[in-house]
Amino acid sequence: MNSMTNIKYVSSLVENRFKVIKKEIVSEYQISFEVDKDEVHRLLTLLKLEGWIQLSYLSAIDWINDNEYELVYIVMNWEKPVHVQIRTRISRENPSMDSILPIFPGCKYYEREVHEFFGVKFPGNPEYAKQLILEGWDDIPPLRKDFDPRAYSDAHFAKREYTETFVNLNNEKSKQVKREKRKERIIRVRKGGKK
Amino acid sequence: MRELKLFLGPQHPGMHGNASIHMFVEGDIIKRAFLLPGMLHRGFEKGMERHTWVNNISLIPRVCVVEPDINEMAFAMGVETLANITVPERAHWIRMIVLELARISIHLMAYGGLGSPTGNYTMMYHAHADRNSILNIFEKITGHRVYHQYIVPGGVRKDLPVGIEKDINDFLDDLESRYVEYRDIGIENPTIVPRIKDTIVLPSEVVWELGVTGIGMRSAVNKAYDLRKVMPYARYDQVEFEVPVASYSDARSRVDLKLQELVQSISIIRQCLAKMPEGDVRVPLSRGQSMRWTVPKGHVYSCVESSRGEFGYYMVSNGGTHPYRVGVRGASYPQGLLGIEKYLPGTRIDDAALWVDTMGVCSPEIDR
Amino acid sequence: MESTKFSLLTKEEVDRKWWEIGDFFRRNSLWMLMYCTGCCAIELPPAMTSAYDMERLGMGPMATPRQADVLLVTGYLSLKTLRRLIYTYEQMSEPKYVVGIGSCTINGGIYHDSHAVINQLDQYIPVDVYVAGCMPNTEAVMNGFVDLMRLIKSKKANGWKKYHKNNEWYKKNQIDSLGEVRVKDEFHD
Amino acid sequence: MIISILMGISVAFFGFVLQTSIAGVNRKIIGRVQKRYGPKWYQEFLDIFKLLSKRSVTHGWIFDFGVIMALGGIIATAMFMPITNDLMAFPGFDNFFIFVYLIAVGMLGMAMSASGSGNPLASIGVMRALTTMLAYEIPFMIIVLTIIKLTGHSSLSEIAMFQQTAVAGLEFSGTWFMIALPVGFAVAFLSLMGMLGKKPFETYIAPAEIASGPMVEYGGKQLGMLFIMHEITVFIEVSLFVHLFLGGAENIWIFLIKYFLVYTSVNLISNVNGRFKIDQVVVFFYKWPLLFAVMQAFVAIYLGWVI
Chain V
1 MNSMTNIKYV SSLVENRFKV IKKEIVSEYQ ISFEVDKDEV HRLLTLLKLE GWIQLSYLSA
61 IDWINDNEYE LVYIVMNWEK PVHVQIRTRI SRENPSMDSI LPIFPGCKYY EREVHEFFGV
121 KFPGNPEYAK QLILEGWDDI PPLRKDFDPR AYSDAHFAKR EYTETFVNLN NEKSKQVKRE
181 KRKERIIRVR KGGKK
Chain X
1001 MRELKLFLGP QHPGMHGNAS IHMFVEGDII KRAFLLPGML HRGFEKGMER HTWVNNISLI
1061 PRVCVVEPDI NEMAFAMGVE TLANITVPER AHWIRMIVLE LARISIHLMA YGGLGSPTGN
1121 YTMMYHAHAD RNSILNIFEK ITGHRVYHQY IVPGGVRKDL PVGIEKDIND FLDDLESRYV
1181 EYRDIGIENP TIVPRIKDTI VLPSEVVWEL GVTGIGMRSA VNKAYDLRKV MPYARYDQVE
1241 FEVPVASYSD ARSRVDLKLQ ELVQSISIIR QCLAKMPEGD VRVPLSRGQS MRWTVPKGHV
1301 YSCVESSRGE FGYYMVSNGG THPYRVGVRG ASYPQGLLGI EKYLPGTRID DAALWVDTMG
1361 VCSPEIDR
Chain B
2001 MESTKFSLLT KEEVDRKWWE IGDFFRRNSL WMLMYCTGCC AIELPPAMTS AYDMERLGMG
2061 PMATPRQADV LLVTGYLSLK TLRRLIYTYE QMSEPKYVVG IGSCTINGGI YHDSHAVINQ
2121 LDQYIPVDVY VAGCMPNTEA VMNGFVDLMR LIKSKKANGW KKYHKNNEWY KKNQIDSLGE
2181 VRVKDEFHD
Chain W
3001 MIISILMGIS VAFFGFVLQT SIAGVNRKII GRVQKRYGPK WYQEFLDIFK LLSKRSVTHG
3061 WIFDFGVIMA LGGIIATAMF MPITNDLMAF PGFDNFFIFV YLIAVGMLGM AMSASGSGNP
3121 LASIGVMRAL TTMLAYEIPF MIIVLTIIKL TGHSSLSEIA MFQQTAVAGL EFSGTWFMIA
3181 LPVGFAVAFL SLMGMLGKKP FETYIAPAEI ASGPMVEYGG KQLGMLFIMH EITVFIEVSL
3241 FVHLFLGGAE NIWIFLIKYF LVYTSVNLIS NVNGRFKIDQ VVVFFYKWPL LFAVMQAFVA
3301 IYLGWVI
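Chains as they are written, first to last, in this note's numbering: chain V, 1 to 195; chain X, 1001 to 1368; chain B, 2001 to 2189; chain W, 3001 to 3307.
Be aware that one or more of the hints could be misleading.
Unchecked claim - If you only want the chain B side, here are some residues facing chain X, beta carbon under 8 Å, derived: (1) Ser-2114; (2) Val-2117; (3) Ala-2140; (4) Lys-2184.
Said to hold, decoys possible - Examples of chain B residues toward chain X, derived with CB under 10 Å: (5) Asp-2015; (6) Trp-2019; (7) Glu-2043; (8) Pro-2046; (9) Ser-2050; (10) Thr-2088; (11) Asn-2107; (12) His-2115; (13) Met-2135; (14) Leu-2151.
Treat the hints as calculated values from the structure; they're not laboratory data. Nothing here was measured: the structure is a model prediction, and the numbers come from that model. For glycine and all other residues, C-beta sits at the position ideal for the given N, C-alpha and C.
Okay, chain V solo, but in the shape it has when bound:
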């Protein structure tokens, strides 16, 4: 069982039939393809027929500078052990992607979660809009890059106030000597010297 032949096999399988925008061999057991949004379903169907029958992971990435979401599907074949990442980009304005529920029924809850955390719609999955993890959420979806959890936390939850004043030991003389020594050592190490 040579792992590189498996990589070559899946690579030729996909590249012969689909327009791959970007291919990347991540490690000896993993390969990643970036394809167009419309081709994902056909590609996943093909891979499922070829033995990639387990949906390992489904999630999204928020590329806020490109104004795009990237959806990631990871499928796994246990006979030819290769994880295939399939990535596709969708627009960040009114994001929507057809559900892959007919191909992989296991995606039901992953899609619900992606909808909850990113706001991506999945027409075709009847329950994608139900809340799963959050309860009574009243802000933008929390895993988007423009959501600041710290501000939300400050606004909603009371923080413990520490009224005691602490002594700043850093200004003591012995500490300063030590710090100088440490700095010198770091400089020496960075230049390639010994400890």
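Place chains X, B and W on chain V using the hints.
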């Protein structure tokens, strides 16, 4: 008959962890059920984006509470793939020892956990007592009982302490000598067997539909689908071990597989202790400036075999000091959410807790 | 001279005596309700089972909130959990005590800036004993319980009285953070 | 009369103290089986008095009344219990059937009260408790009726006397029924485990399934009273067993020893077992124990084969 709604959890002695199974029952039979997760949601993936790569080492063990080491391993493997770090040889072996000890501990805990839904508390007490001695060994190795932060990108944090081999060997001998006793009081006990035999069966056709991995899958499809075998990480290709399988997945066979895996783990640790070479255990990531250490651009999905199945981290780096996005594939995601919704109906109230225990539903990794 | 030894006790003194007798029983038989709100729950099985054996202190796990005396809040509390925790706390029969385990209950701990985890438990329900650490050792947890027993003996563990007294303040805090405590959605009717 | 009633109440109180201490000692023994130190021997007293010292919540008058009815019914049952041959409150009123009927009052009170709490888990628990009762009562009754047939008495003290002294005219007198009817003894022992709610017949408590079943909504004083009721119930059932099968007691020390042995062996057996489902409990009792009970009755009564 009137349909009643019962809650198994979040505060319920039969529920492991903080999640709630809503069951609609008629008599004792469950008609409809679903899991309501999210009570352990702490914004984990967001939190990891807000910490540097090195700071995240202290955050990752807290994803799955019962088995923290696999998180560290998956994270370390992912970072090593992205940053192209070669780990010293000795570190691989130490990692394997720690991972297998953790696997024994979680299997003991799950086996003891079987005592709670079936009512045999003596078995639970014995298993937890043994698990505590593993935690003591961990305290000697890493300094912590539960969250070790020991497996770090680039190796392990420090070398094994002197004389730990004796402690580990003593523990393994003790555990092995009482293996028969464990079987007798648990899965071969005539009062427990009727409870766990032929209950909550997972048919082999639906494994792929759900996406169940780990013991749940191996007990149904009768194939040695173990990530340690099919895509070996660390030095699992250099030790000899078998992956126990079964062709019929009921509660009893799943627990049986757990016990057999425990024996295999014992043998792996013994081999590791014998074969472990001398040498360094860690390559320095950066020279003194770990907080400003950057990882090259890339996407990686790194996964390890946990006691519940394939546990993976999907990591994206944009070349900065912080991860751009980290996604966690909880190993019990499929059996916890879809499995409960589809395969709990038709069973009895008594069996719901058994599903949670034997399939290993771990709510912190579902919620994150 | 009037004998101080045999003088009649006033009503308050009698009440106090009875309360002290009750406290003796209460501190020697603390039944706890394990609400595994977070990761520190993983250190409770060793504490309960053979390794540290909590039962020798008279403590034991209980199945439902009505039967329990001590509410263990083990670790971080997400908003969803906090709602359920408040129901649970209000269901328990008095006198009741709360032990907060882990740094997360004190000031949010490692999740201090998370959007889902509250930072300070005693804003929402009164807490009698805190056990610091992430995660605290089993010995620390056991020590926390011994501390609670000491507090009951010295009559300082009266968080439940505070909850009666400052009920409006607690309710206001709960509503500020949670919106509405009782959850009404498609999963709960 | 008043003296009898006072004596009856003191018998009930004695039963409570005895059973509570023995339960505490047993918790310690079980602790040692489970490799731990175990609680103090008087832990059960602390638990009960603590519960009585707490404030409690009510769920309506049926809930409260049921608890009082259960406790009252059980105390009334315990008043008739003979402890030794001479030590009993109402001599001549210790008929076996008195216990069977009076103990039902306590059980019904508890069932009523638990259903009155309105919690579905409590209703399921009560349903399971009644089903379990139906299962273990039949084999037990067959064995007890056999004993009554053999001795010609239904009074507990008479049955005990029958076992203690060999009378020339009476067949099989002078031997304990534990030895005389070994199969019947085994069946009755299983039934006793069912009565006491020990594993594997603990189905109606089942913390991991239905969160302690009937007791799910009790807290504070009501739970304390239920605990007292439970202790006295155990006292009644184990004493019944001692009188029926172990030949009663000439004096109080023998009673204590026999009582302790029976209760401890039940506990020890219980603690290495799992818990059956409710249908398995019924099937279990209606299969071999019922068959053996019928067989023992037939063999003992019609063929006269008694050891």
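Hint check results:
1. Interface hint at B/Ser-2114: satisfied, since its Cβ lies 4 Å from the closest Cβ of chain X, which is below the 8 Å cut-off.
2. Checking B/Val-2117 against chain X: minimum C-beta separation of about 5 Å stays under 8 Å; hint holds.
3. Of the supplied interface hints, the one on B/Ala-2140 is violated, with its beta-carbon coming no nearer than about 11 Å to a beta-carbon of chain X, more than 8 Å.
4. Given hint, B/Lys-2184 at the interface with chain X, is violated; its Cβ is 14 Å from that chain's nearest Cβ, farther than 8 Å.
5. Violation of the interface hint for B/Asp-2015 is found here, the shortest Cβ-Cβ separation to chain X being roughly 34 Å, above the 10 Å cut-off.
6. With 10 Å as the threshold, the beta carbon of B/Trp-2019 stays out of range of chain X, its nearest partner Cβ sitting at about 29 Å, so the hint is violated.
7. Here the hint on B/Glu-2043 is kept, as its CB sits about 7 Å from the closest CB of chain X, short of 10 Å.
8. A cut of 10 Å between beta carbons decides the hint on B/Pro-2046: the least distance to chain X is about 5 Å, and the hint holds.
9. The interface hint given for B/Ser-2050 holds, since its Cβ lies 4 Å from the closest Cβ of chain X, which is under the 10 Å cut-off.
10. Because the closest C-beta pair between B/Thr-2088 and chain X is about 6 Å apart, less than 10 Å, the hint holds.
11. Interface restraint check: B/Asn-2107 against chain X, minimum CB-CB distance 15 Å, threshold 10 Å, status violated.
12. Residue-level restraint check for B/His-2115 holds (minimum Cβ-Cβ distance to chain X is 5 Å; threshold 10 Å).
13. The closest approach between the C-beta of B/Met-2135 and any C-beta of chain X is roughly 6 Å, which is under the 10 Å cut-off, so the hint is satisfied.
14. The interface hint given for B/Leu-2151 is violated, since its Cβ lies 24 Å from the closest Cβ of chain X, which is over the 10 Å cut-off.
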